Every structure is written in structure tokens, then in C-alpha cells.
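Chemist: Which chain is which? The protein sequence lines are C and P, in order.
Under this note's numbering, the residue at position 236 of the first sequence is numbered 1081, and the numbers go up by one with no gaps.
Under this note's numbering, the residue at position 310 of the second sequence is numbered 1155, and the numbers go up by one with no gaps.
Zero decoy hints are in this set.
Among chain C residues calculated to face chain P with C-beta under 7 angstroms, some are:
(1) N850
(2) T851
(3) A911
(4) G916
(5) K954
(6) D982
(7) E1053
(8) L1100
(9) A1115
(10) Y1139
These aren't lab readings, by the way, just hints derived from the structure by calculation.
Note that the coordinates shown come from a computational prediction; the quantities given were computed from them, not determined experimentally.
Cβ atoms here follow ideal geometry from the backbone N, Cα and C, with glycine treated the same way.
Number of protein chains: 2
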Amino acid sequence: MPRINTAFARLSPSYLFSEIASRVRAAQEGHPERPVISLGIGDVSQPLVPAVLEALHKATDEMGSAATFRGYGPEQGYAFLREAILAHDFTARGIALDADEIFISDGAKSDIGNFQELFAQDAVIAVTDPVYPVYVDSNAMSDRCGECADGRWSRILYLPCTAENGFEPDLPDGRPDVIYLCSPNNPTGTVLSRKALERWVDYARENEAFILFDAAYESFIADPGQPRSIYEIEGADEVAVEFRSFSKTAGFTGLRCGYAVVPRKLKAPAGSGMMSLHDMWFRRQSTKYNGCPYIVQRAAEAVFSPAGQAQIGHVLNIYRSTAAVMRQRLAAMGLRVFGGVHSPYVWVQTPGGMKSWDLFDLLLHEAAVVCTPGSGFGASGEGYVRMTAFNSRENTLAALERMSAVL
Amino acid sequence: MPRINTAFARLSPSYLFSEIASRVRAAQEGHPERPVISLGIGDVSQPLVPAVLEALHKATDEMGSAATFRGYGPEQGYAFLREAILAHDFTARGIALDADEIFISDGAKSDIGNFQELFAQDAVIAVTDPVYPVYVDSNAMSDRCGECADGRWSRILYLPCTAENGFEPDLPDGRPDVIYLCSPNNPTGTVLSRKALERWVDYARENEAFILFDAAYESFIADPGQPRSIYEIEGADEVAVEFRSFSKTAGFTGLRCGYAVVPRKLKAPAGSGMMSLHDMWFRRQSTKYNGCPYIVQRAAEAVFSPAGQAQIGHVLNIYRSTAAVMRQRLAAMGLRVFGGVHSPYVWVQTPGGMKSWDLFDLLLHEAAVVCTPGSGFGASGEGYVRMTAFNSRENTLAALERMSAVL
Chain C
846 MPRINTAFAR LSPSYLFSEI ASRVRAAQEG HPERPVISLG IGDVSQPLVP AVLEALHKAT
906 DEMGSAATFR GYGPEQGYAF LREAILAHDF TARGIALDAD EIFISDGAKS DIGNFQELFA
966 QDAVIAVTDP VYPVYVDSNA MSDRCGECAD GRWSRILYLP CTAENGFEPD LPDGRPDVIY
1026 LCSPNNPTGT VLSRKALERW VDYARENEAF ILFDAAYESF IADPGQPRSI YEIEGADEVA
1086 VEFRSFSKTA GFTGLRCGYA VVPRKLKAPA GSGMMSLHDM WFRRQSTKYN GCPYIVQRAA
1146 EAVFSPAGQA QIGHVLNIYR STAAVMRQRL AAMGLRVFGG VHSPYVWVQT PGGMKSWDLF
1206 DLLLHEAAVV CTPGSGFGAS GEGYVRMTAF NSRENTLAAL ERMSAVL
Chain P
846 MPRINTAFAR LSPSYLFSEI ASRVRAAQEG HPERPVISLG IGDVSQPLVP AVLEALHKAT
906 DEMGSAATFR GYGPEQGYAF LREAILAHDF TARGIALDAD EIFISDGAKS DIGNFQELFA
966 QDAVIAVTDP VYPVYVDSNA MSDRCGECAD GRWSRILYLP CTAENGFEPD LPDGRPDVIY
1026 LCSPNNPTGT VLSRKALERW VDYARENEAF ILFDAAYESF IADPGQPRSI YEIEGADEVA
1086 VEFRSFSKTA GFTGLRCGYA VVPRKLKAPA GSGMMSLHDM WFRRQSTKYN GCPYIVQRAA
1146 EAVFSPAGQA QIGHVLNIYR STAAVMRQRL AAMGLRVFGG VHSPYVWVQT PGGMKSWDLF
1206 DLLLHEAAVV CTPGSGFGAS GEGYVRMTAF NSRENTLAAL ERMSAVL
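Isolated chain C (complex conformation) (with noise of 0.2 angstroms):
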């Protein structure tokens, strides 16, 4: 019989969020009258703004002329986007890196997922948890993490976050190859404090070890004194690779829009020498993926026009104050809330003890409101639920208000 990776058959039998979207549909199918709520995945609500339409329609006009249509793109993404990035996520923040090193993808879930392909089967991950799925899954996929009992890899080092700690993740006890870092974290909508960054670059950099740090979020970071990007950190581009994202930062959630930054001097030994993880990334992605399309490239681009940015700014802000809405009157309820300040997220601890799953049961069919079960995210989530600040503030207040008789 032809042999296939058993690594997937140790695998949890279904991700998450595919197994919230089977409840709510059996659910919803029971009670057609009263349309449920999500408050669960991370998907945007608000259309693309005027100056990302326009580009829209304008590349594909593009598109129509023989003089200016556009077949495969350069590798790496166009050197407009990328020079458009540099500019205004890097150069204008004072950290310096070179429009080389972005490399543009069809998003960060892609980049973070493929990512753990550049590094040995025995390299050890260490992840915070509650965490993103997609760190440990792919890596299962990769048959990097061990063997699995309640949740738990053997190979892998968590960290725990939970209200104890401030959300804020200890230095692991074992030796790492690759930590994973969210910030403005995805589940718990916290964000590390510079101090917290600083403590983590100068540990990969003692014990030699890459962060993969995930900013998909970062858009959404209100004091102007957090850093933004890991490389706002002395030392980090020794050590770190950043994965950024359109989606929640302009709505790209079904455009499809990301990059990695994978600085050059990032290196490690192989063989006799030393191989770059620039050059080892540039060769995945030429070798398995061939580019984001030429107008999702444009689109992204006119985010940085001073008309797309004062449209972003608009949408943010809705969700922005969506989210205090929300931590005020989840709190009014009596629940003990945090994050939704520089995120998106609000995560909620479940009321007396209560299990994760049975908080989202219980109110998906009281309340017809769906939220994500915080267990879902890692062993140290149970007792949470998240709730996102992207639907629509009216459906939100609904929500708010569906749960308020129940809880």
C-alpha cells in the first residue's frame, strides 16, 4: 500500500473553526426563524473601501490590453507593494530593512502555516496557549510535535498565558528552536509591552533561537508609544521573521493579501556552512507558490494612498469602538473581560467555572449567539470564550443584549 504522512492521523479530527461552523449550521437549521449571531470567526463585516475598489477596477482594466496585462509576477510580489510597505509599515517607524526582504503572499495564514517548512523535524516549537491553531497544526502536519494526549503535544514547550500571568507568556523551561509570539494576540486580544518584546528577542538571541512573530493584528494597536512591528526591538532582525496581513488591517479577509519579512541576516548552520532563511524562503516560494494576483497587488497598495488611509482609518475605528461597547457591557453582565483595547478580540472568562464548550453551547441555543470556545485554542483557554468586534454594531448590540437574559 503506498505510504502516506500518519502524522495527520494524530491530528485533533477537526479544525476548530470547521467544527464551530457544523454546530451553528445544525443549529441554525433547527431555528430557522431566529438568525444566529457570530460573534465567533475573525471575519471582517465592512466592505472594501473606495480607494482599494478603484485600484480594483482599474488593474483589471489593465488586464483587458495586451500593452498592459500582466502574466506571472516577479517571485517575491511587485516592487511597487513592497517599496509601499517598506515606506510606510517600516521606514516611517525609523526601523530600517530593505524592500527585499518582504516577501507578498496571498496571506499571513499561508506564510505562518508554510513557514515551519524551513526548520529541521527535530526542531523543538515553543508556543503560548491558548494559541492560533495553525502554529501547531501545521507543525503536527510536519510530524514535528510528538504524540498527542488531551490536547497536549509531547514535543512541543507552551506557555501559559491566562489572567494569572497578565496574558503575559514566562520564558520556557526547555530550549526552543522557533517560538511562535501573536501580538496583538490572537486568541486573548492582549498585547506584549516593549519591555515583554525586548525580554523575548534578547532570549532568542542568547539562546539561539528564531521568534516567528504574527502582527496580523497590528493595525489595531491605539497608543502610539507599543511598538508596532518586532523590529521596533534592537536585535530582532537577528532573529525574527514578522507575518503582517490585509485582512483585518482593510478588509482583505476575502481578497487575499499578506507578507512575511524575513531579514537576510537571519541564518543558521547546515552542512559545512551557513544557509540563510532569506534564501531558503525565496526558494519555497518560488518553488511552491506562484504569487498574489497582480490586482489584489494593486489593491493592497492603495491602502497606502492617503485617501486608503483615511478610509482603513474609518473602518478601524467602527470595530475599534464596537469593541469597548462590547468590554462595557460584558462587563456590566458581571463577566470578567479582557483584551478589545489594541485588538479586536475581547476574551471573556466563562461565569462560574464553566467549561469553554458549554458557555458556547449554552449560548448558541439560548442566545442564537455564536462565540469561539476558548479550550479550542489550547489547554490554558478553557474557561474563556472569545468574541470578535467584526460583525456589524448593530447585530453586536443584539448579541449583547440576546446574551444579557441569559447570562
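Could you slot chain P onto chain C? The hints should help.
Modeler: Chain P in isolation, oriented as in the chain C frame:
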């Protein structure tokens, strides 16, 4: 030091097309007065057809209104596109499949590059030689191929395809777990007959191997009796995965859309039970990929409309007639020419036993024409070059004129 994937160090230093691009850049910079004409990389030149442009504009407008905005799509792709593909590409040809067995993606290159993740580390792959480099390199990155010497990996079964065997590979000597087949073939432009396909399907069933069938060029098949899908062969749905693309069919190289067909019948042992490749691929894609843009899926759907079909038919005929002219003129120069009938690729034997890269350099420097060296596709490609019919008629005629002056 962090442990990285040292298999990358064993890859040849550069992806074939990157190497070509860098030689071409250097040659063009040396002679800016004579623009190089590329018959090299297989990129289309005709603009997107009106039906596709119209669908892109319409879907873009939908993304601009909250009522019709689409965020994250279904993991496998939208049903409207999977149903259109099923009806047009399969049901219409008498093939029984389910829309749920079709997975929409950003292109066949990504799918083929990623699909090897589903096989065991010690799985043995068989490839025809010459071969599209992605099959080999993606497996080599997963450290599945052993050591590389003189362009040959120790754990790969190579199946030579040359003028001597009419470009029909013999069955392998060893026992492969996975067989990569591509028809119409990239790079040779030749096509596997129904009989040859039957032989491979029978072999795979008897020997319990999987076939990964790359049908990216099926729209170029001119003979109505020739299978366009491997599922036209009985039993193929028990052993074969098929990869398709809108890139060459409808000029989507810069728009990015393709699909994989993974029938539910494909199974292999894992632990105490059997695992379905369909479920594994669903899990892989929903964990590491977030779907093809909604607007691009609408564009792909438009390819199947009556207007879309007529319009792409016209474009395909342009490329077909260019291929016919190339065949004729190259033969008139005394060259042995293969392919180019059911394919946009013409496979040309070098004159006088010249090496592939030597003919490449000669044509680049003396004629300012770019081809692709056959040896870049594998040892049995030595002594050939690949030329494509994707450039404009005008440019192609000019290139042929230039070539006839130096050959």
C-alpha cells in the same frame, strides 16, 4: 544553533526559471538596443477575455457594498465555481465525480508543490524525465529524495522520455508510492495516448500506487478522441489525483486560479485504519490556506459561460496556430521538432549533439531569443530545448527569423 531543514542545502542552487531570468537580464543589459524575445517561460501574452473582465468588475462592485461583501470563503472554494467545473469539465465528458471532490486554489503549481505533504517521508516517487522541476524540488525540500549527484536524486525513480521511446515512459523498475504524470506534457509538448493512460492506471491499481496527474495543459488537446481527464480511464478515481489550472486555459497566470480533484475513493493505511486523501487534503488546505479571492473565483466561473467559452476558444486558437508555425519553420531549419500539436510547447532537439545550455546561450547572445534548456528539466532533457507558443505572432515570427540566421 536553531535546527533548520538542511534538505534545502542539497537543492541545486537556483530554480531553473530564476537562472534563466538572471542570464537574460545580463544579456539585455549588455545589448539594450535589441530587445530579447522570449520563447522561454510558459507565460501567456493575450489579455483576459471580456467575459472574465466583466465578472471581475461585477464582483469588485459586490465587495464594495456591505450587503454583498464577501469575507472568508468556503475552504474548498465557492460552490458556484465547483459546480461549473463539475458540469463543464467532467459531467459533460461522462465522468462521475462530486463537486465536493474539487478543491479550488490559487493555481496548479501550489497544489502540486503542496500535495506531497500527504505522503510519508520514506515514500518513493517516480517522475518522467524530463520533468517540470516543481515535482522533484518540492519532494526534495521534504527530504524525500536522498542525495543528489549529477542532477539525479538517489531515491527517485526516473522514467526517461526521449525521441527514442516516442516520449512514452516505461513502467518503473522499482516500486513507487507516487507517480507524477503530466499530459499534455511540460516540457516535451507530447501527449499520453488513451492506451498509455490505461496502462498507468492499471499499473497503479495493481501496485497500489497513487498517480498525481498534471492536466494543466488539457485545453490544448485538439483530438476529440484523446482523454482530457485521467478520470476518463476506468478505475482512475481509485488511484489518481488530477490538477488543473485556468492559467493556460484562460490566461490566468497573473490572476491565479486552479483546482485539484481528490476523489473520495483514494485511501491508504494509517495506524489501525485507512485514511482518505480527500480528508487529508481538506485538512491541509483548511489549516494552511485561506482560499482563492472571491473576485477571482467569479472570474473563473465566467470562463464557463457561453461567451467565455467562445472568447477563450479564440485565444487558444491564436496560440495553437503559433505553435503550428513554429513547428513548420523550425523543421525547415533542419531541426527535429516534437510536441506543439496538443500543446503550446515545442520540444526541439539541439543540432549536432549540442548541449542544451550551449544552444540557450547561442540563441540568447546571437539571436536575442530565449528558450528553456531541456537539461533544466532533467538528465533526459539534455540535447533539447523547449520553446513556447505564448508570445505574440509578430514576436514569434521575428524570433524564428533571427534563429534561422544563426542556426
